[in-house]
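Here the protein sequences come in this chain order: A, B and C. Going by our numbering, the first residue of the first sequence is number 163, and it counts up by one from there. Going by our numbering, the first residue of the second sequence is number 477, and it counts up by one from there. Going by our numbering, the first residue of the third sequence is number -4, and it counts up by one from there.
Hints were generated in silico from the structure; no laboratory data involved. It is possible that part of the hints are untrue.
[Claimed, not checked] Using 27 Å as the maximum straight-line C-alpha spacing, the simulated DSSO-like pairs for lysine-lysine come out as follows:
#1 B:LYS606 - A:LYS725
#2 B:LYS971 - A:LYS460
#3 B:LYS654 - A:LYS441
#4 C:LYS6 - A:LYS298
#5 B:LYS534 - A:LYS660
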Amino acid sequence: MYEKTILIKDTDTKREDLTRQAYTQILDFLRHNDQHSRIQVVRVADIGLYDKGLVIKILPEQITYANVKEDDLKRIADAISFNKGRVEDLVYKPKSKQERLVLKNCGRIDPESIDDYIACGGYLGLKQAIELKEDKVIEEIKTSGIRGRGGAGYPTWMKWNFAREVASDQKFVICNADEGDPGAYMDRSILEGDPHAVLEGLIIAAFAVGASKGYFYVRAEYPLAVERINKAIKQAYDCGLLGQNILGSSFGLDLEIRLGAGAFVCGEETALISSIEGKRGTPHPRPPYPSVKGLWGKPTVINNVETLANIPQILLKGGAWFAKIGTATSKGTKVFAVTGKVKNSGLVEIAMGATLREIVMDICGGTLTGKPIKAVQTGGPSGGVIPEHLLDTPVDYENLQKLGSIMGSGGMIVMDDDDCMVDIPKFYLGFCVEESCGKCSPCRIGGFQMLGYLKKITEGAGNINDIAQLKRISYAMQKASLCGLGQTASNPVLSTLKYFEKEYIEHIENKHCPAGKCSHLVTYSVIEEKCKRCGLCFTNCPVSAITGDKEKGYSVIQEKCIKCGKCFEVCKFRAINKK
Amino acid sequence: MEKINIKINGREYKVSSELTILEACQEIGIDIPTLCYLKDLKSEAACSICLVEVKGAKALMRSCVTPVNKGMEVYTNTERVRIARRVNLELLLAGHPKDCLVCDRSDTCELRKISFDLGIREARFPKVSKVELPLDTTSVSIVRDPNKCILCGRCVSVCSSVQSVKAIDFTGRGKNSKITTFFDEGLSNSVCVNCGQCVMVCPTGAITEQNETEGVWKALSCPDKFVITEVAPAVRAAIGEEFGLTAGTLVTSKLVEALRKVGFAKVFDTQFSADLTIMEEGYELISRIKNKGVLPMITSCSPGWIKFAEHFFPGILAHISTCKSPQQMFGAVAKTYYAKKYNIDPRKIVVVSIMPCTAKKFEAKRPEMKSAFNYWKNELKLENKDEFPDVDYVLTTREAARMIREAGINFASLKGEDFDEPLGISTGAAVIFGATGGVMEAALRTAYEVLTGKELEKLDFVSLRGLQGIKTAEIDIEGLKLKVAIASSLSNARKLLEEVESCKSPYAFIEIMTCPGGCLGGGGQPFSLNEETKQKRMEAIYQEDKNKALRKSHQNPAVKALYKDFLKEPLGEKSHYLLHTHYAKRKETPYGTEKA
Amino acid sequence: MVRLTPESLDKISKEPCDKPANWIKVGMSSCGIAAGADEVFNFLSEEVKKRNLNVEVKKCGCQGNCYAEPLVEVSIEGLPSVTYGRVNRDIANKIIEKHVIGKMLVNDCIYNTVD
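Generate the whole structure from the sequences, applying the supplied hints.
Laid out in structure tokens, this is it:
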């Protein structure tokens, strides 16, 4: 049996991988010390640190050494072999780590077992809430300072309090699981990995406001999440955690699942309510706010999945504990779905206040291609881009807004210089146009018009006046749209104009796409030095825009070229230049 | 009703706390521009035109739905508001067809008016979408052009809330949104009752009536056709508005002269056949009361209501009076009695009715409305291919005004002429058909005298008058207490009918008019969203009644002559044949009346 | 399932988490399943059964390292608990033979260690 384990990985990507070499060397040293049957050496695929040279981790002591040089290996081997403690000069202290509060059970318990959940402290938050009584519960939530994680960042305690204060014969709670941002899947993972946490949060919310009926509004595109919530609800009923007299109190709650039907706009509160009522899912003017007059005219609290998943722990450990995490205005942690041109894409949960650079570089390992980061997009279709030079901004609601973006639901897309800053807003705007409910003209027509201008620009037909028109329409959409979809649809455009206006001008004036993304504006040409004259491009060009032969070589006739990219695709020698 | 202090454009005002910002501004003389707003209907706030700036609010607020609150500071005309409003309008104009010059609503289009008023002189946004949506021309009453639709939703609101018919609704999403019938089947294949209330509220030319003026002009220029016209009561109280006269100006004699100048051989009055309807219907009511027939009896002159009943309440069809409407009775009488009396070949007679109504276009084309043809079939040895309807064309008030304008007639300057006889003679009881409660009052004036044998001195049944949606009263006819109810607009009718359906109705006689306010608010009337207009039209109608020498239907000498010489008696065999009709459970086919 | 009372909840929470000594957890959220975790789960369950090993194979949710799915967390008495990533049938087999039976961590496949 091994007493200790040495994990080893070379995290330097710019040079040849030295993991195996170091592995062999350390093993030799251990053999030399006759410790090789006591200490296991393992090469790992990922050690959690990036660009920190050769990294070595010792278990069970949990010591991490970074930037280890070949000469250091013996010292490390000796220190472990003879229990000499740590090699202090090589010890690495991580700056910030992920704090998995919301995701604490995800990946640890069986989501389809209520016993697993209870064994890890499940439903003790609910028990605490019932003991504290409604007013004190809302006090705890207020102390915690938790803000809605769906994107708006509205103080959760206020929403609950408004609903609590309205006298009504019936009140409702709704869990908004209609996560729609492209690339965001935090809510899906929570629902699939720990549905009982969300369920407990919803029951506590219902208790606090006095609701007797609740709904899970889940998008139909999440069948596994629906299945697991269904199981969770059934288990909760069986254990007396739903239905009448929950945990021996006079409080009762009935829950139902309602499926979405493919409309992003139904993630908006009033549209969601319309959808549950069986009407067209279109937003309605506010006031009245749902907390006062929501589902079927009754006070309704709608909370996001991640918000609710935080609630049980706030009740259990106290609002003050939660308020210690994060920044002055944004408390607690946030789950981000980091995707795009990033090495380690996935879910990252980190305390508010961590910088974007920490998240993207330290936790997610930097860009996939090794190219420098161009920008990070946050907040989905309602958000904006944060350029590289601003990546040291601590992440919280206010800071991101100041930069022209939003926290949103937590989607984070990493982009390098192969991503075009006119194409990205075109994609997001296209999404908003597709998903617009069509009720109000600023969003319905404005979005469509803006998309028309962006298409023109990316196809080389842009005009410098188009930028002014984009700004005009954005203004109208922001000020006059009925709901958040329309109000924020222009954010990606405005944000890219703010930081990358040069790229727009390049598209318009020089008909050139610096990222090489906009197919109409890309120039394909043969790189003579690399060309092996195989003629593959010549035979594959659908419009015979390549001329030449095996002796003289080949070249592209620019006037005929339709920029389909086929030659680039088929050339085995990377002899086609795409720019 | 609490009054609170608010500031509008820097000045202090005291307004009721129950108002919206829009209403508060209207009270103090600021008309914030709107497109989708309709008074008394819950606004969906879709058009985004009525924006105002409110101190402390992040976004601009929609004044039509935002209630006032104490200390609010509202600014209706800041630069932010103006820019947002203008860009919005330009966006609406981007996709809108630019054929204003040839549009039915070029004179009355609200979109055009707002663009003009707000000084939009450049529509900067290009038309991006190339899709041309097909027109819905399936209905004989109403035409829908979805390309002109700005999706304000007023038509859907009216059809669903005011009329409870719900024939049209929003479908699709985003830029593919459109308002249409179930699965795009077309209005004639839906439960649309043709009331035209959607036409009345549409701010653009997206919904208009079917144009029958071409057919009428053709008939007028045909030398061997004898083209006569009948004019409905509510038309005369409103058509003046089409010529710049104020609402409620009675222009009866001017209208008669104008129509004659347009070229009609005879200008008759639907009020004549309204009196005839009262005779038949009054006796029908009395007969049902005396012989314990089906009660309550419900009036039948509103074709929108009839189609509504056939679709939604087929079980109560037996309650509806079997009398035809005055329009249809006129057609039948004109092509039989009148044709015979003046020796005119009925096949040459073209009856053109001028109605405040779009549903009348549908009514005229109902297959059973060919009583005259059936009457003459044997005598003239007619075959089915020789079929002709009782009423050939129906023109709305607006179409009639158009024809008068096209003929170059200076309406306001006319001296005025009288209707032709005999089918132009009418009483005051007939005039009031144009207002909600009028048919009831007219019927009671006659029923009273027939039942009691005494003269009715107090002719004005004031309790039956007024623009409220439902009115009820108990009329004392010498000890016989008659409970009556009057509904205008179909959502109110529905309430009464649910009682009838569940056998809980306490009434003996119910009058139902499809349009709010009665015919004076019909789908064919001059456009006006001003509430006062209906009030003025109503006052004009009751004034005309007062001005008439004869005010009870059974006193009409022409009607008396008709019975004496032709029909013999009310509810007699000829009456039954020519003046009564039947109804049937309706399938969703174009006016198919399959027997239940 | 028994109806819970505040007292019974309290009791359960005070009991030690009676985890089995040896277990394998396979990440079975949509991200895992999309990468092929269900096949890995089935394979591991079958092997454990076939070879009569004292290991419980369980499902769990998404750990967060979605780029490395399918993720398999292995906890065998006497060895540190580790998470293997990009697990295919081949690596799953190595997990059984080397880690579970051979009590040695598999090289080049570890993506995370449990702290």
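Now for the hints, and whether the structure bears them out:
1. B:LYS606 - A:LYS725: Holds, at about 26 Å.
2. B:LYS971 - A:LYS460: Cα-Cα ~26 Å, so holds.
3. B:LYS654 - A:LYS441: Between LYS654 (chain B) and LYS441 (chain A) the Cα gap is close to 16 Å, so the pair holds against 27 Å.
4. C:LYS6 - A:LYS298: Judged against 27 Å, a Cα distance of about 24 Å means the pair holds.
5. B:LYS534 - A:LYS660: holds, 21 Å
When held up to the earlier numbered hints, the structure conflicts with none and fits them all.
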